[in-house]
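*Asks:* Below are the chains, spelled out letter by letter.
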Amino acid sequence: MDETESPAPNRAAADAAPAPVSAEALRLAEAAIFAAAQPVSTRSLANLLPDGADPEQVMAALAATYAARGVNLVQVGGGWQFRTAPDVAPALRKIVEVPRRLPRVAMETLAIIAYHQPVTRTEIEEIRGAALSQNTLDLLLENGLVTPKGHKEAPGRPTLWGTTPGFLAQFGLNDLRDLPKREELLIDPNVSLSPPERPAEDAAS
Amino acid sequence: MDETESPAPNRAAADAAPAPVSAEALRLAEAAIFAAAQPVSTRSLANLLPDGADPEQVMAALAATYAARGVNLVQVGGGWQFRTAPDVAPALRKIVEVPRRLPRVAMETLAIIAYHQPVTRTEIEEIRGAALSQNTLDLLLENGLVTPKGHKEAPGRPTLWGTTPGFLAQFGLNDLRDLPKREELLIDPNVSLSPPERPAEDAAS
Amino acid sequence: MKSCILRGIAVDSEALVLNLEGFEGPLDLLLELARTQKVDLTKISILALVDQYLAVIEGARRVRLELAADWLVMAAWLTWLKSRLLVPAAPEDEDAEIAAETLAARLIDLQRVRAAAIWLGQRPLLGVDVFARGTPEDFTETDRSKLRVDISGLLSAYLAARRRGGAKLQYRPKPMVYFSVQNALERLQRLVGSQPDWSTLDGFLPQGLGEGLPRRAALSATLVAGLEMTKGGRLELKQDATFGPILVRAIEREAAATNLEDQDGRD
Chain A
137 MDETESPAPN
147 RAAADAAPAP
157 VSAEALRLAE
167 AAIFAAAQPV
177 STRSLANLLP
187 DGADPEQVMA
197 ALAATYAARG
207 VNLVQVGGGW
217 QFRTAPDVAP
227 ALRKIVEVPR
237 RLPRVAMETL
247 AIIAYHQPVT
257 RTEIEEIRGA
267 ALSQNTLDLL
277 LENGLVTPKG
287 HKEAPGRPTL
297 WGTTPGFLAQ
307 FGLNDLRDLP
317 KREELLIDPN
327 VSLSPPERPA
337 EDAAS
Chain B
137 MDETESPAPN
147 RAAADAAPAP
157 VSAEALRLAE
167 AAIFAAAQPV
177 STRSLANLLP
187 DGADPEQVMA
197 ALAATYAARG
207 VNLVQVGGGW
217 QFRTAPDVAP
227 ALRKIVEVPR
237 RLPRVAMETL
247 AIIAYHQPVT
257 RTEIEEIRGA
267 ALSQNTLDLL
277 LENGLVTPKG
287 HKEAPGRPTL
297 WGTTPGFLAQ
307 FGLNDLRDLP
317 KREELLIDPN
327 VSLSPPERPA
337 EDAAS
Chain C
506 MKSCILRGIA
516 VDSEALVLNL
526 EGFEGPLDLL
536 LELARTQKVD
546 LTKISILALV
556 DQYLAVIEGA
566 RRVRLELAAD
576 WLVMAAWLTW
586 LKSRLLVPAA
596 PEDEDAEIAA
606 ETLAARLIDL
616 QRVRAAAIWL
626 GQRPLLGVDV
636 FARGTPEDFT
646 ETDRSKLRVD
656 ISGLLSAYLA
666 ARRRGGAKLQ
676 YRPKPMVYFS
686 VQNALERLQR
696 LVGSQPDWST
706 LDGFLPQGLG
716 EGLPRRAALS
726 ATLVAGLEMT
736 KGGRLELKQD
746 ATFGPILVRA
756 IEREAAATNL
766 EDQDGRD
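Protein chains in written order, with my numbering: chain A, 137 to 341; chain B, 137 to 341; chain C, 506 to 772.
Next comes chain A alone, as it looks inside the complex (with noise of 0.2 Å):
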């Protein structure tokens, strides 16, 4: 490294003293940092650089060109490697919306509360004929879909599950009236209409 301070002997073009740059090793260098996946070490560099051409003294002066760039030239991970700017960083983020699909089980519960609703949750248990998870519920009201509305005056006072005006939104709905009703919507006669009857526990109440 010190070579470049007297000119090597072998050097077929003697540059002047101060030893600018070459182009031809800014070049080498820069397109070796661009194609290579990882940061280039300063020692990769000097093999790759022409004889007497001074690592540092390169990578200084790339850097320095491309200092005011969209583009930088940065020290990480022992090595040199192009960044996009910071500055610039931010203008091209893209932001890719991949929406999600509610899972059955959700749509379903979210459904019942819908045409149901204040119901509890022993109450869709028991229309869907299934358990309902607690992480179902969570789902829905993450997203801003149900919500606690009150308490039923029975044993044990269960919360009462209602939908939000975030539901309608979702749904392009202006009121829940503009849902089908459950009596359209349910032409086949061997679902029952009505929910299910109560157990015995909630008709002695």
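Be aware that one or more of the hints could be misleading.
Restraint-style ranges between C-beta atoms, simulated for each label pair [said to hold, decoys possible]:
#1 K543(C) - T178(A): 49 to 59 Å
#2 K651(C) - A267(B): 51 to 61 Å
#3 A305(A) - R649(C): 12 to 22 Å
Straight-line C-alpha distance at most 20 Å; calculated SDA-like pairs for lysine to any residue [said to hold, decoys possible]:
#4 K230(A) - K651(C)
#5 K736(C) - Q694(C)
#6 K230(B) - K230(A)
#7 K743(C) - R721(C)
Simulated from the structure, these hints should not be mistaken for lab results.
No residue lacks a Cβ here, since even glycine has one placed at the ideal position from N, Cα and C.
Starting from the known structure of chain A, arrange chains B and C on it as the hints suggest.
*Replies:* Then chains B and C, alone, in the frame of chain A:
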């Protein structure tokens, strides 16, 4: 892809003067193309650039900036991409692992697909007068150069094959129309058509 | 590749015979032979080409080289073509002319394919002659906060839920929730202190049971609970007549304690 060919006439030519390209526009375009894994289309750039910046002018200015550098701005696969200058490749090959070149059979098959697409396997075999081996097809598929393009409405509904955008990018073509016309291809028997061992290196040096 | 090496050297039938397997098939060989005529491919002599090909095949047979069928098929076809081209003014003459032109056209096509492949091969190849950025940066962010739901999905989910709920009700008797012994114990413990004198067990049943199974179940549960508490020395139970009303009375605390000792002695 066409818009790159001719300056779009429908652009509001508010700025009558050749409006010097702003440093900000240059930095943005530079960073966007640098960051992208694939060529960036002029349309994407137009969305990114500040209002009033002409993508054509910005790209021309940026290409000029990089013309003599170790990394050049080129138009490939219908978009813009930075690539290392061809003359630094021999040095870079010392540090970057280089894949094997495609064998002659694969190159000829690729050429047939490029010129005759969409084309069936049988048609390829007829033109070459030899069976197409599974290896050759696998090789082209693995390299992402060809892809199925539906089926031919003929008995057996054979698969039709065509080239991919990766084919254009791989061979530095902007468009399939960049391929020489069939009539222009040499059929002079005195010119040896045996592929030279390292054609690109010869061309570069 | 053998064919590549071969392609550079002057054609010698003997050499070709030995290197036949270096060719990609009869058409490949024909093109190589045509090139030896050193004329534009559009002007090649088909007759000379046929002779060259047949000579190579003959040579191959002489050295007893196993030949694939397509080489022989081509040889047979070329023999036919030659005979037709040689017979002047035969009716099939035109067919042969067309066949010869087709053959020449196929050779030109193949030559163009070669030229195209070479042209492609001379392009600066990405990853070999030019390199793209080794570390692309991805500024894409995925926003999965939005929901993709619609009314029809909501309605079909509702129908599915109701259908399933309905189906369960049809096949399974309604689950009856009876007043349990546990319930009866809690109720009895809570209420029995408020009645200092004998009172009927029925009086401790919960309200609104109606008649029938739920009531009988509640009565048995309460009786079992009463027996349990009697055993624990907290209650006294008596029935004056068979099927008569069952009477229940709380035992005072001190008495309860003595009773408990007696009970332990009995057990």
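*Asks:* Run every hint past the structure and note whether it holds.
*Replies:* Here is what the structure says about each hint:
1. K543(C) - T178(A): 49 to 59 Å: Given range 49 to 59 Å: holds, Cβ gap about 58 Å.
2. K651(C) - A267(B): 51 to 61 Å: 52 Å, holds
3. A305(A) - R649(C): 12 to 22 Å: At roughly 19 Å between Cβ atoms, R649(C) and A305(A) fall inside 12 to 22 Å, so the hint holds.
4. K230(A) - K651(C): With a Cα-Cα distance of about 16 Å, the restraint between K230(A) and K651(C) holds, given a limit of 20 Å.
5. K736(C) - Q694(C): 14 Å, holds
6. K230(B) - K230(A): 36 Å, violated
7. K743(C) - R721(C): The hint holds at about 19 Å.
Checked against the numbered hints given earlier, this structure breaks only hint 6.
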